[in-house]
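K.L.:
Sequences listed follow chains E and D, in order.
Heads up: the first sequence is residues 64 to 176, going by our numbering.
Heads up: the second sequence is residues 14 to 125, going by our numbering.
What the hints contain is simulated information worked out from the structure, not anything from laboratory work.
Treat the hints with caution; some may be incorrect.
So the derived label-pair ranges between C-beta atoms look like this [stated by the list, open to error]:
| hint | chain 1 | residue 1 | chain 2 | residue 2 | range |
| --- | --- | --- | --- | --- | --- |
| 1 | E | Q143 | D | E79 | 39 to 49 Å |
| 2 | D | M96 | E | N114 | 24 to 34 Å |
| 3 | E | K141 | D | A14 | 24 to 34 Å |
| 4 | E | A65 | D | Y52 | 11 to 21 Å |
| 5 | E | P133 | D | A30 | 43 to 53 Å |
| 6 | E | K141 | D | Q58 | 39 to 49 Å |
| 7 | D | T65 | E | S150 | 33 to 43 Å |
| 8 | E | V75 | D | L33 | 38 to 48 Å |
| 9 | E | T139 | D | V42 | 15 to 25 Å |
| 10 | E | P144 | D | S122 | 38 to 48 Å |
| 11 | D | L31 | E | Q143 | 48 to 58 Å |
| 12 | E | T139 | D | Q58 | 17 to 27 Å |
| 13 | E | N113 | D | P43 | 35 to 45 Å |
For every residue, glycine included, the Cβ atom is placed at its ideal position computed from N, Cα and C.
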Amino acid sequence: DAGVIQSPRHEVTEMGQEVTLRCKPISGHDYLFWYRQTMMRGLELLIYFNNNVPIDDSGMPEDRFSAKMPNASFSTLKIQPSEPRDSAVYFCASSLQITYGYTFGSGTRLTVV
Amino acid sequence: AQSVTQLGSHVSVSEGALVLLRCNYSSSVPPYLFWYVQYPNQGLQLLLKYTTGATLVKGINGFEAEFKKSETSFHLTKPSAHMSDAAEYFCAVSVWNTPLVFGKGTRLSVIA
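So here's chain E without its partners, still in its complex pose (with noise of 0.2 Å):
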């Protein structure tokens, strides 16, 4: 299995613009994240999937977020408008158990300038 595949690796945008990261989990995985990184934050949850339904989008900081998952082998985090400050590495990591070790992806750095 190639892991988590996420595109694109490195996203410079303008602010007001739309951004949409992308996500491949692992096959046979139920469960997928998505989290976020900042040095002042550190990993942060903005929502997660199971069976490809959202069950918790608190940590979504916005509506300017939003994440859907239209089947088991893809999911988006849209962003829109995008501002400075959601500058930040995003990651989409999958399981098969919610308390299991999650695999990651790469990640996207995303730079909204």
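Dock chain D against chain E, hints included.
P.N.:
For chain D alone, coordinates are given in the frame of chain E:
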């Protein structure tokens, strides 16, 4: 809610010296505990985990951690540091079918 505290945002050791990275957790129920490592510009990689059973857990790259319920700790150790161990290390906790909560991380530097 559960939480994790990693003591020391930066630890520096000499090559060949003992590595000790500290992690304390807060939980009212039995926790699952994890250590992850992150190399520059990469995702997090699982080093080891404690779920139930033996309290001394061995992981990859010669690392191990011991779950001490009385001290609510899960410190990570390695007898002899190698230059390749330089990275960021994260402790994480999960309870009652909740997602992992991560500590702030400890950056390990290894001096030749």
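K.L.:
Each hint should be assessed against the structure and marked as holding or not.
P.N.:
Each hint tested on the structure:
1. Here the CB-CB span from Q143(E) to E79(D) is close to 46 Å, well matched to the stated 39 to 49 Å.
2. At roughly 43 Å, the beta-carbon separation of M96(D) and N114(E) lies outside the given 24 to 34 Å, and the hint is violated.
3. In this structure, K141(E) and A14(D) meet the distance hint of 24 to 34 Å, their C-beta atoms being roughly 28 Å apart.
4. For A65(E) and Y52(D), the Cβ-Cβ distance of about 19 Å falls inside the hinted range of 11 to 21 Å, so the restraint holds.
5. Look at P133(E) against A30(D): about 50 Å separates their beta carbons, and that is inside 43 to 53 Å.
6. Between K141(E) and Q58(D) the beta carbon distance is about 27 Å. The supplied range of 39 to 49 Å is therefore violated.
7. Between T65(D) and S150(E) the C-beta distance comes to about 40 Å, which sits within the given range of 33 to 43 Å.
8. Distance hint check for V75(E) and L33(D): the Cβ-Cβ separation is about 39 Å, which falls inside the suggested range of 38 to 48 Å.
9. Between T139(E) and V42(D) the Cβ separation comes to about 34 Å, which falls outside the hinted range of 15 to 25 Å.
10. Checked against the given bound of 38 to 48 Å, the beta carbons of P144(E) and S122(D), roughly 39 Å apart, stay inside it.
11. For L31(D) and Q143(E), the Cβ-Cβ distance of about 49 Å falls inside the hinted range of 48 to 58 Å, so the restraint holds.
12. Range check, T139(E) to Q58(D): Cβ separation about 24 Å, and the 17 to 27 Å hint holds.
13. Remark: the range hint 35 to 45 Å for N113(E) to P43(D) is contradicted by a beta-carbon distance near 22 Å.
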